[in-house]
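Protein chains: 2
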Amino acid sequence: MSAVVTLAVDAMGGDHGLPVTVPAVARILARHPDLHVIMVGEPSALAAALKKEKLDDHPRLALTPASEVVAMDDPVAVALRQKKDSSMRVAINQVKEGRALAAVSAGNTGALMAVSRFVLKTLPGVDRPAICTAIPTAKGHCHMLDLGANVDSEPKHLLQFALMGQAVVRAVDGLSAPRVALLNIGEEDIKGNEQIKEAATLMQQAADLNYAGFVEGNGIFVGDVDVVVCDGFVGNVSLKTMEGAASMIGGMIREEAGRSLLRKLSGLFALPLLRGLKHRLDPERYNGASLVGLNGIVVKSHGGTGVEGFVSALEVAVLEAERNVPALIRDALAPAETS
Amino acid sequence: MSAVVTLAVDAMGGDHGLPVTVPAVARILARHPDLHVIMVGEPSALAAALKKEKLDDHPRLALTPASEVVAMDDPVAVALRQKKDSSMRVAINQVKEGRALAAVSAGNTGALMAVSRFVLKTLPGVDRPAICTAIPTAKGHCHMLDLGANVDSEPKHLLQFALMGQAVVRAVDGLSAPRVALLNIGEEDIKGNEQIKEAATLMQQAADLNYAGFVEGNGIFVGDVDVVVCDGFVGNVSLKTMEGAASMIGGMIREEAGRSLLRKLSGLFALPLLRGLKHRLDPERYNGASLVGLNGIVVKSHGGTGVEGFVSALEVAVLEAERNVPALIRDALAPAETS
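Listed in order, the protein sequences are those of chains A and B. Residue 141 in my numbering sits at position 141 of the first sequence; the count goes up by one each step and never skips. Residue 331 in my numbering sits at position 331 of the second sequence; the count goes up by one each step and never skips.
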């Protein structure tokens, strides 16, 4: 039923590179019988890793060479101007040149956004691409954007993020009228909120947007909205705050479990419960953020993720490619272009 | 050893009012044998509540009448201009007039900040007061500010928050050189970060500030810094994000525990562990945010807190009064006035 999809994978990116990307690609190819993958990287290292994984003569896997790697701490300028033959850039080139429908990389976010934007360009009506990801909620998940591509977003940018988020959720979650909320703080009369209020007005006036009003930071997790829109500075702090809080709570559970014999026993008995919890909050399960608003699909994996997490990011790319998210975003944003 | 402290308590504020404030005051008076309290509220209701709690002839408790109450949804303008005889305002007047060293209210934050600022005025060198509270970390706690009093903070405001936060932590935690960090996002080269970079430069140059560099949202909880400085919009979203994430995780633990017999048993056995966890993260234990930068101490309690939470807020006020935090902030900020 689904179209034939080809993914371009930056085989070298992230903290781990080949030991993560190659087994993940093996798994995604096994899961999707029609999927094709182009792995991009340093040819001899890549060939050796593929051989080790018995992927060296896989009929749906191609290898494209790239002589450089963008390091996790490379400044954007280096990735953009000096490493023109990086595995990241060559993977994105595959999308630009129509050989792949989506690129996936665990390389550094700033570089990935800059190179993607430079190579693919933004869609008509999109001033600024954004980073969008699924966040677990009490009732399932929501999508949140922008998570750090932009700071000092203006009201019109927030409206664009709203329309892009809506298009993503329609495509990947199959909701026809996702509830779209704007992240705000409780106090109404504080100076400087004008920007948020103006964005709210724009969203209320937008013809094809199911605007659900404001949510505060705690409202992200309630599950009553499907898209949470915010500036990238705020979104990035919020995303990392939730990661930090969850990680601290996990650490405290482990500490408490080790504290006394009674608690050790209690920790042991608590294992099925904690496993259920871990499954619902697993960062690897939620790995894979989309760079939305570009003329092509680019998915960013966490740099430090393991094989399972990288598979999740590949799944996001497959789904967005099957549903052709960029075309949906183009349709949603095109009217805005004329205003 | 500690000076005689008198607190002024807004007896009517918050979601619950007297049923929370009166038992909390009974408890704090029992804990601190030198403490005096002025309870401010509607005289007959207050007298009845005190009688019920057998506080009606307590030697260290006085009653001051106020005919109005600021509602949780009252706009700032109403609290400020129309309800001049509110329990909130009269409690703050006690500080202004030297009858109390600190005021505590569970009333609405926007109104409390506006009325406090109007009545008490800011300290020399302070352009904008801020909201500061303790946040649990893996190693104990840190203090974070601003949590929503200001949006669009300029670099010089962030520096003032840093100096105020340092003074608070020196006073209440007894640390001589608290490590002060600036909340930022990972990407270095993003446009608009100039403001944060400029604030970082100001903090590096500040003579008496142990500036520890940037932290990201997840860094708040690591426990390697004592003060986290941010703009109020960002800080409020971050604070509410952590509350929301913790609350979702708590809900999931309860759900998982009820899911099957095995997990029900596992949930039962996990109780001591979860109790330990709850103690470390208990929002009631961390209740009580300080409005810093004013010519007097004002502590804001969560509107929905119970007795134990209100007691925590009263404890914050007692400690800040004993250590004379406003004088320490004045000393820390005074040099900035001349620049």
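No lab work stands behind these hints: they were computed from the structure. Misleading hints may appear alongside valid ones.
In silico lysine to aspartate or glutamate, EDC-like type, Cα no more than 16 Å apart, as pairs [unchecked claim]:
1) B:LYS139 - A:GLU255
2) A:LYS84 - A:ASP127
3) B:LYS278 - A:ASP224
4) B:LYS278 - B:GLU315
5) B:LYS139 - B:ASP173
6) A:LYS84 - A:ASP74
7) B:LYS121 - B:GLU154
8) A:LYS139 - B:GLU255
9) A:LYS278 - B:GLU255
10) A:LYS197 - B:GLU243
11) A:LYS139 - A:GLU255
12) B:LYS197 - A:ASP224
13) A:LYS121 - A:GLU97
Okay, the hints, checked on the actual structure:
no. : hint                : verdict
1   : B:LYS139 - A:GLU255 : 11 Å, holds
2   : A:LYS84 - A:ASP127  : 25 Å, violated
3   : B:LYS278 - A:ASP224 : 26 Å, violated
4   : B:LYS278 - B:GLU315 : 20 Å, violated
5   : B:LYS139 - B:ASP173 : 14 Å, holds
6   : A:LYS84 - A:ASP74   : 13 Å, holds
7   : B:LYS121 - B:GLU154 : 20 Å, violated
8   : A:LYS139 - B:GLU255 : 11 Å, holds
9   : A:LYS278 - B:GLU255 : 13 Å, holds
10  : A:LYS197 - B:GLU243 : 24 Å, violated
11  : A:LYS139 - A:GLU255 : 28 Å, violated
12  : B:LYS197 - A:ASP224 : 37 Å, violated
13  : A:LYS121 - A:GLU97  : 13 Å, holds
Violated hints, listed in ascending order, are 2, 3, 4, 7, 10, 11 and 12; each of the other numbered hints is respected by the structure.
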